[in-house]
Amino acid sequence: MKQFVHRMVRFAGLLLTVWTLGLLASLVSPQVESTLVAKQSDWGHVNQKTLEWREGHVSPDVMFFGSSTCYCGIDPHALESHGLRGFSFCSNAQGPQHSTVLLEAALKDHVPAMVVLDLYPMLCTAPTMSAEPLRDWAVNGNLWTAPWRDAMLTMLRNAQDPFAAVQMLYFGLRNTWTPSGDRTKPDLHGSYSGLGFVPRSFPALEAVPETTPPSGRWSSTALAAVDAARRMCEQQGVSLVLLTPPQLVQQELEGRPSRSGMAWIDGNAWPSAKTPGFYYDDHHLVAEGAASYSTWLAAELNRQFQRP
Amino acid sequence: MLFNSVEFLVFLPLVFLAYWAIQPLTRTAAGLKTQNALLLVASYVFYGWWDWRFLSLIALSTVVDWWVGRRIHASRNARNLWLALSLGLNLGLLGYFKYANFFMASWVDAWGRLGVNVETSTLNLILPVGISFYTFQTLSYTLDIYRGKMKPTASLLEFAAFVGFFPQLVAGPIERASALLPQIQRPRTFDLTLAQSGLRLMLWGMFKKVVVADTCAPLVDNIFAHHEDYSGLTLIFGAVLFAFQIYGDFSGYSDMAIGTGRLFGIRLNTNFATPYFSRNIAEFWRRWHISLSTWFKDYVYIPLGGSRHGMAQTVRNTFVIFLVSGFWHGANWTFVAWGGLHALLFLPLLWKGQNRKHTAAPVQESGFPSWRDLMGMATTFSMVVVAWVFFRAESLDHATSYLARWGQGGLKMNTFSAAACLWIAVMMAWEWLIHIPAFRTWFTSPRRGMVLLRWSAYSCCAWFVVKHFHNQADFIYFQF
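Just so you know, the sequences run in chain order A and B. If you count by numbering that gives the first Met the number 0, then the first sequence holds residues 0 to 307, one letter each, in order. If you count by numbering that gives the first Met the number 0, then the second sequence holds residues 0 to 479, one letter each, in order.
So that you can see chain B by itself, here it is in the shape it has in the complex:
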């Protein structure tokens, strides 16, 4: 089920009402169980709406990891074996469904380059939606138990509700068991402020997806598909549009997921923090897809030694996480190249020791950035846009051919969309404004006039969401 679908508009209020109708019972253990069971059923309906057959994969992953978690905790000698089982199952499922065809094709291609003709058939596989997200979520559970950072849950129902929690099941944020599971385990009380902020976030996320990203999408598709016919300036425009498309699409989904979670009294972690206002690449990665970046940092980078064993090992570890992160996105060399390019852009900061610079919010008290910050933002955004070309391209040849044409055709623009530019400007301006403390205080003031103004603004936002609602395009990150 898509957030931007009529089915979801019916599904959400029904689940919401049933969920809070049970709430008075949750003071008892049986009541809480009923509420969690409802959450689980709703989550499986939400996922099964897409393809019910793949529910078996989630169920398998859930049951095995719940059981393995308990075994790891109870065992003294066989902990490594149990962990290997969890890793084997989750990475095995991911590898089979997501990477099997890629590895086979790469194998044939590698031999082909040596002049050897290897014949193999490809598997007719459908990639289960969200598999990259929920396998990482369950893996974090077993890994945290293995590392003694948390205790396993005795309740399979609670664990299944944690893995399957529908707002973030198919495209994140990738929640850690240590953050989400305790919220599932304790009774939730309805919090008016939290629910209202959830609705606001859902509306804003829907706006970013339906209005901004889906307006950019057809233009981006056209420019990337026919890049040979377009001038360099048009191709740059296409890449910039894609940067905003993927931001609107993915951060929009995250906002809707977090907002939906809040309606159910559950707080999910922030996944995006105005990444395009970053002043260097390191800051960009602290602000873009935060739940994945921190996952790789905690479960790959730090276990590999992090930055504790000299520059050479730090560089190696940096490359490892960027390449693996790229590969996580999809079975294509373009994603690996995208990750590799980001690693290269990160290196100068590592050498200069500036990778931990700019940890404070980019939006200043006054609302205006310094020239230095502004230059940093423009440079970082430009580098990110170049890297996005690899992410969006069908193949490495496509990406290099696209980039090679950037200098051609002078200032000629073959295609342009004032509407897309307008909506991007609205999105970015709002994200800047709302982070200025004075504006935030003014806008969120409880005065009657301000409430009216605020609600009118939400009504206008809702109007444009409904107007653009017909696209019902899939979210880009569903394919990962």
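Isolated chain A, as found in the complex:
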């Protein structure tokens, strides 16, 4: 047994050496980096929005948290016509579990008047925190100081994704030495237009796709995350709005959170919610759709502001 433990320790030493060599090779070569660690990507523009937030020129009245339906469907600029400013902290596949962790960090940076949680139904059925948004933030994000670092570590713990720790460490160091620039895979169908918004330029649909709407049930962890968000907002005196994004093929979930203490806006009530020409798939809006939806949503949110 002693010999076994001795060999295991020696192997662990070699393993660390080989891994370190791999990371050093990644620093030198973009090809090695994308094979061994990850390829940085503009998809969702987490890099741009975190950079913009880090510069500290934004102090929004409304902060948005959610998934791709949020960052390509809601243009925070639309709030400006109501004298409000918004900012979107949305990323790919970001469910309520991730949003709540990021919200906690954001509230330490800035306390807005309102927080909107964009809840794409199928992301609310996940029983555990998925790794995709964590990796998006770890690989493409530019927020490495507290409280964001703590948020990433919380997501790391909950998503149980050891490799995201390697990515966080690697890109945290690498971004301080070399700008990502030419190593980043461009998003050919979305350009960053500020405040976290990424309008999409995919061809619009001509008809409603023939798919059966999936059904499901709110997971207990998603419910707990929404409840935690409610408590956080209550403590800070912030209004919390839960938002269901518009979908061409509407999904219905069972067991949604109770409405007490929170406003709920259904994006499917937007008059153009069933217009195929505003979507590029059954739930993502193209730029024109986002413009129309954002105008409608800004008016709805403004109405929430007017409430006593």
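Please keep in mind that the hints were generated in silico from the structure rather than gathered at the bench. The beta carbon of each residue, even a glycine, is placed where N, CA and C say it ideally should be. Hints may be right or wrong, so weigh each one.
To be verified - Quick list of simulated restraints, FRET-style, between CB atoms:
(1) A:54 - B:447: 50 to 60 Å
(2) A:185 - B:8: 35 to 45 Å
(3) A:6 - B:80: 48 to 58 Å
Given chain A's structure and the hints, the job is docking chain B onto it.
Chain B alone, transformed into the frame defined by chain A:
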């Protein structure tokens, strides 16, 4: 608990250390009992992590079969009755949890086809993970005692540790009591070589599951779900990917189970032996899910008469085991069709008397197969891929519609994954290389430089396992 989970990464070292810490005590009967008790508790924690309520089913099956085993051995007149009790309980549990809804739906459907509307409600049942595996394991115990091939154990603890042994509890290999129980009954000593080979096997199994199978999984799911939208070539690609997905998934699990067993000084049987290098269907079935194939051969095929009573009965028995084997996989006609198709592919070999051809390893001394062998491998793999479509499809209509589109759309590919192809190539190339004697000797050489090279290779393998670890997808065979 999944092998590919963080919980298991904590659970395994803890159990491993506690298990071998007790080892010096195992020279006494009390010490061995303590070690087996630890194994049993660890196994129940491992299983209960998924759903503790179903531990009662394992416990019930364990207690009844242990008791029945003793009764069969002691009884002269009522042996058949005791065996019937064991069969009734195990097959009853399996039938209720796995097949009740299927039979009810088939009943309603059959009457519906005759124009009679029968109303029935379905049961809201959860299929207990691993029920097909551990019921077959306990059944082999009572059947072997009934046939006088082994004696029952007097210790319920030993028997419970055998049934519940966590590495293979939920997805096999299905171990025979005659192979595993004696290992539980005698003191184990720590074997450095065995433990190291166990770790290597665990790493390789994890690679096959996490890197290969889980990379293929989303593509396969997408292609099978939207097959109407894809060209024939894409559908063929989807079926081939599924062939490697299920191989990586299931053989990966088996490797991890066998490897984990070795860490505890217990040798489990090989479950997969490079099945995709088989040169005919009969060889494929000697190399795929070996523990299940041999179970059906020993407890169904041979008792039915095997191949001893002429061609007609041999054909009948062949169909019986393939259909039952298909049905064992799941309560769906697709699995029956999958089994039936394999039986049909087996028949020509039976008629020509070639079903026992190719018993030697497919990888030759030189490393290169003959053209004849290569053609055999390609043909066998193609047939297996066609059959996998039935296995993967949601329904028979889905399978036939999927296959009917194979000729459509020319050479257009709607979706492709270079990463999946690369990982499949790595997996298959390694499985070929490691069976070439000269390469094996070179790679396992104890020279210092080779040790460094080998450990570096393991480190790279571990890197990609960790990189792909986040999926934590269930194993396909958990549903069976």
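Violated constraints from the hint list, given by number and in increasing order: Failing hints: none at all.
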